[in-house]
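Protein chains in written order, with the numbering used here: chain A, 1 to 319; chain B, 1 to 251.
Honestly, the hints are just simulated from the structure, not real lab data. Treat the hints with care, since some could be wrong.
As the list claims (entries may be wrong) - Pairs of lysine-lysine, BS3-like flavour, derived with a Cα cap of 25 Å:
id, chain 1, residue 1, chain 2, residue 2
1, A, LYS278, B, LYS226
2, A, LYS253, A, LYS200
3, A, LYS81, B, LYS212
4, B, LYS212, A, LYS83
5, A, LYS318, B, LYS233
As the list claims (entries may be wrong) - Pair ranges (Cβ atoms, derived):
id, chain 1, residue 1, chain 2, residue 2, range
6, A, LEU27, B, TYR187, 42 to 52 Å
7, B, LYS111, A, THR223, 47 to 57 Å
8, B, LYS226, A, SER238, 27 to 37 Å
9, A, GLU80, B, TYR187, 42 to 52 Å
10, A, ASN26, B, MET53, 44 to 54 Å
11, A, GLY28, B, ASN138, 34 to 44 Å
12, B, GLY32, A, ASN26, 36 to 46 Å
13, B, LYS149, A, SER238, 18 to 28 Å
Note that beta-carbon positions come from the ideal geometry of N, C-alpha and C, so glycine has one too.
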Amino acid sequence: MILVLIDHDRGEIDPLSLRALTAARNLGQNVEAVAIGSEGNALAAIVGEYGATVLHVATHSAITDYTPMASGRALKDLVEKLKPAAVLAAGTPRGNEQLAHLSAFLDIPMAAECSEITLGSPHQVLRARWAGNLIESALVHSDLLVASILSFSIEAQATGGAPANVVTFEPSLHPEDSIVRILSRDSGESKGGITLNDAKVIVSGGRGVGGADGFGNLEELATLLGGTVGCSRVVTSSGWRPHAEQVGQTGTKVAPDLYIAAGISGAMQHIAGMKNSKTIVVINTDPEAPILRYADYAIIGDLHQIIPALTSAIRQAKG
Amino acid sequence: MDVLVCLKRVPLAGGTLILTPDSRDIETKHLGFGISPHEENAVEAGVQLVEQMGGTLTLLTLGVSDAEEQLRSQLAIGATRAVLIETDGQEWDPQGTAAALVDAINADETKFDLIIFGAESADSAGYQIHIRVAHALNRPIITNVKSMKIENGVVSCERVVSNGREHYEAPLPAIVTVRDGLNIPRYPSVPGRMQARKKIVDMKKAEPRTPKLEKVTLALAPSKDKGAEILGKGTEAVPALVEVLKQIGAF
Ligand SMILES: Cc1cc2nc3c(=O)[nH]c(=O)nc-3n(C[C@H](O)[C@H](O)[C@H](O)COP(=O)(O)OP(=O)(O)OC[C@H]3O[C@@H](n4cnc5c(N)ncnc54)[C@H](O)[C@@H]3O)c2cc1C
Ligand SMILES: Nc1ncnc2c1ncn2[C@@H]1O[C@H](COP(=O)(O)O)[C@@H](O)[C@H]1O
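With the rest of the complex left out, here is chain B (with noise of 0.2 Å):
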């Protein structure tokens, strides 16, 4: 079983963004980094089948060369080797990411059997250039997995809805996209982070294209912002919650 993730470099931002003066980015001085969290689930699945059936997990990324080490760390949990597509630090757009990804997976010496995706990036959330790359590679895709098993050569997956479960299948090889929930993601061991040091990463370049979907600039969001209406401190401000809950119609 040969298991490729594709994953993105991205600002661990918790609180309030603030963006570049340009507003063309975020500020990232203070920032750590990271990748998007579905890809921590979608690395997560690649190790544990490869445990499982045995085999190799490559991971992919296009970014800056610093997205070295989000790669090295994820190694770190127990992949075998990772490709960089370098850039030169402008974001690209999904269909010239997908392109990339696309060439670089048709380059690749293995034949990979199952590509893992997030379900959609933290930064840019397209929602798109998986299935963007399913249609190039013309394999079948599932998305928003949360629970995923192989057997005899298919994979089946489940997707949860608002009312239950949906279930789909697919033959291999395939692509899918997994959802934060499907597995809790484990820390990298001391061990496994010196092994890290040691394994391959490929460097590539790829040629920028022009894009078809381009960022102008970002803005905040306005938020409400009017504050809280303070009600008051412990117990003691219950029955003005009653009054409200009441006027609101809450029962």
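One chain only, chain A, in its complex shape (with noise of 0.2 Å):
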């Protein structure tokens, strides 16, 4: 059997949970689900739709909210109970954090952003490092198998399974294991409106565009297409955009349905948090930039004079 991580948000799902789903169940064995929280219990139509027979729920006094060590705690609890070949969890910053706290108090191997697995003794498994531009093929000397599915590497899959048999259990949490949780929550640099996670277009701009000034074209633009705007690291750096928009490996991954780099020199850094993204457009004035390797379409020359000519162009195309 394999037991999958579902990451949730006050009982909502973390969608990447889904494509652990159908990894787990890519490994052709049964597949059963656990949610940490009595929230969870909302979660069993939507993992039996993804091919969990069993959502097993953790609740506890201590558990809240999001609660990491807790977790772990509770993942461990089950793993005795149930033994399963190996537990999953999507490669996010709370799946890895949950899995590597389970992994610390087994004191076993854990196996970060996988896009791959074969189960065996020892296991195999491709996973990413340097942001995803190396894929390292390890081994993982461990009965079980304690591994985080790299978030892009796999589509979820729906079954159109029956919702899952939801059964309750109370793990032994320690005083230690709720220490640290969430105490409070704010809508932060967010502002309400569209975030980097959920756009489907995002406007990015690189050190081309000069100054923080520049921006607001970029920003008419991506009103205009329904969509937000990002920027590379020297943006940040230089103080011309909060770091919240910051696109790559040490910023947000991001894979909107359209992504326009303008000004974007395509670093491997800026390229591992935005090459999923499904249409790529580059504005450069360098034919020879890096980035193009990486984009369906390109326009070369001077992004100041082409981002406002666009924007004036779709709002005639639009009438």
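Build the complex: two chains, separate frames, hints provided.
Structure follows, in structure tokens:
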């Protein structure tokens, strides 16, 4: 049996967890899911639809919100009871973190960001390194495989299964497991509008934009296309835009339908964050810019002329 | 306030990576070295804490003896001293690395109030060494921190998520892992560099363990690599782009 950690925010599922379910199904074994916190109960239908037969829900008075170490302890309890062949989760900050707590509790290895898994003795994995620019082939020496799934390596596929049977359990938490938990939230840097993570269109600017002022044109185009603005690290470290807008290895990894990269050269750390976009359009003065290798379409020229011209042409076309 | 920052020497690669003939490592002949970017923020955070609250900032790394170079350049921005656990150049797996870091931390005469890690290393990106260290030292750990303050023996942190910010707290002694964007790391000053030469770097040895996560080979990730269709030069190409955007349903 393969156990998949389903991450959720107060009962709202992280869709990347569904990809982890699909990756688990591809291993050819029965798949069961686990959600931490009683709000996980609400997920029986969706995890069933994506192939899990059982949904284990960890409930405990100390788990009222995201509590990563408690998740690790709950997973440990469940693993000791069910003896799965593998525990998988989405390769997200939360997925990686909770699995790392599990493997620290059990003192066994963990393979982060895997794009391929072959169960065996030892297990074999392909995992992303260097922000996805390198693929490592590695052996995992432990009975239980703990691995997170590289986010964009697989699409979620529904099986149309019935809702999973919900089985609740109470993990044997220690006081220290729930010291670190979410105390409160606020809407932070996101202005309540579209965030990088859910934008269908991102208009991204790099050093070529030349300064904070230059981003006005990019914002106008983004708004017109119902999207939002992104940027490279040069832009955030120059203080032109907030860090929340940085795309790349150390920023946000995005995969919108349309990514327009204006004045961005295409360093591998930037590419790592946007190469999964469906259509990539480049605007750059340099016909040799590395980003052209990853793009679908390009205009060679000055973004300060092209972006305003594009905006008004789209306005006209829209009528 | 005694702070420890754990950092890792990594090649500074911006463009295309090249592998060694045995495909086990990156060819570094033509590359410089630095530390993982989140760790630059970790060191800056440590320097700021010690500036504000007094105390010491210690740096700890496990790596080849040449990692002294990275320790010295971080000492130059204001760290107090450094510890280098020397390896033979083979890459250690996360469990082995964490265990060696834990031994060094336990053996140190300073009892660190706060240990800061990068959220993940640039080269290996295992997302775990800090959590393993936290378990071994029985300390609370807050990960992926984008802003942090310390008051009355409590570290309070924010983590940025897609729909806003989450707040966490932990009593000291604690561990935090930080991300790019936490602060803007400073450059070393000339006097800073001079002082760094005289600061103490303790060299230690540790016994390698059999890796449980065993690297076999590395390969370059496949890229789209078909190359872009060039729609034209300058504003003349704009109508062609509008056509493309219409076709893909962008508006
Ligand atoms: C470990 C690590 C992590 C990193 N993480 C990230 C990350 O998350 N995200 C990220 O983006 N970077 C990251 N970087 C930085 C990355 O290596 C590059 O330095 C950065 O992406 C370059 O930004 P840029 O393309 O805007 O600038 P440049 O590389 O300077 O490129 C500017 C481009 O603009 C073009 N241009 C100039 N003027 C115009 C004009 N008028 N019109 C059109 N085009 C013009 C130029 O031809 C050039 O191609 C990281 C670096 C390291 C070492
Ligand atoms: N060899 C090392 N020496 C010291 N600290 C390290 C080493 N490797 C990783 N770390 C720390 O652990 C963090 C997470 O690394 P990783 O688990 O590889 O993603 C890094 O950002 C560093 O702060």
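Evaluated hints:
no., hint, verdict
1, LYS278/A <-> LYS226/B, "holds, 14 Å"
2, LYS253/A <-> LYS200/A, "holds, 13 Å"
3, LYS81/A <-> LYS212/B, "holds, 24 Å"
4, LYS212/B <-> LYS83/A, "holds, 20 Å"
5, LYS318/A <-> LYS233/B, "holds, 24 Å"
6, LEU27/A <-> TYR187/B: 42 to 52 Å, "holds, 49 Å"
7, LYS111/B <-> THR223/A: 47 to 57 Å, "holds, 53 Å"
8, LYS226/B <-> SER238/A: 27 to 37 Å, "holds, 32 Å"
9, GLU80/A <-> TYR187/B: 42 to 52 Å, "holds, 50 Å"
10, ASN26/A <-> MET53/B: 44 to 54 Å, "holds, 51 Å"
11, GLY28/A <-> ASN138/B: 34 to 44 Å, "holds, 39 Å"
12, GLY32/B <-> ASN26/A: 36 to 46 Å, "holds, 41 Å"
13, LYS149/B <-> SER238/A: 18 to 28 Å, "holds, 25 Å"
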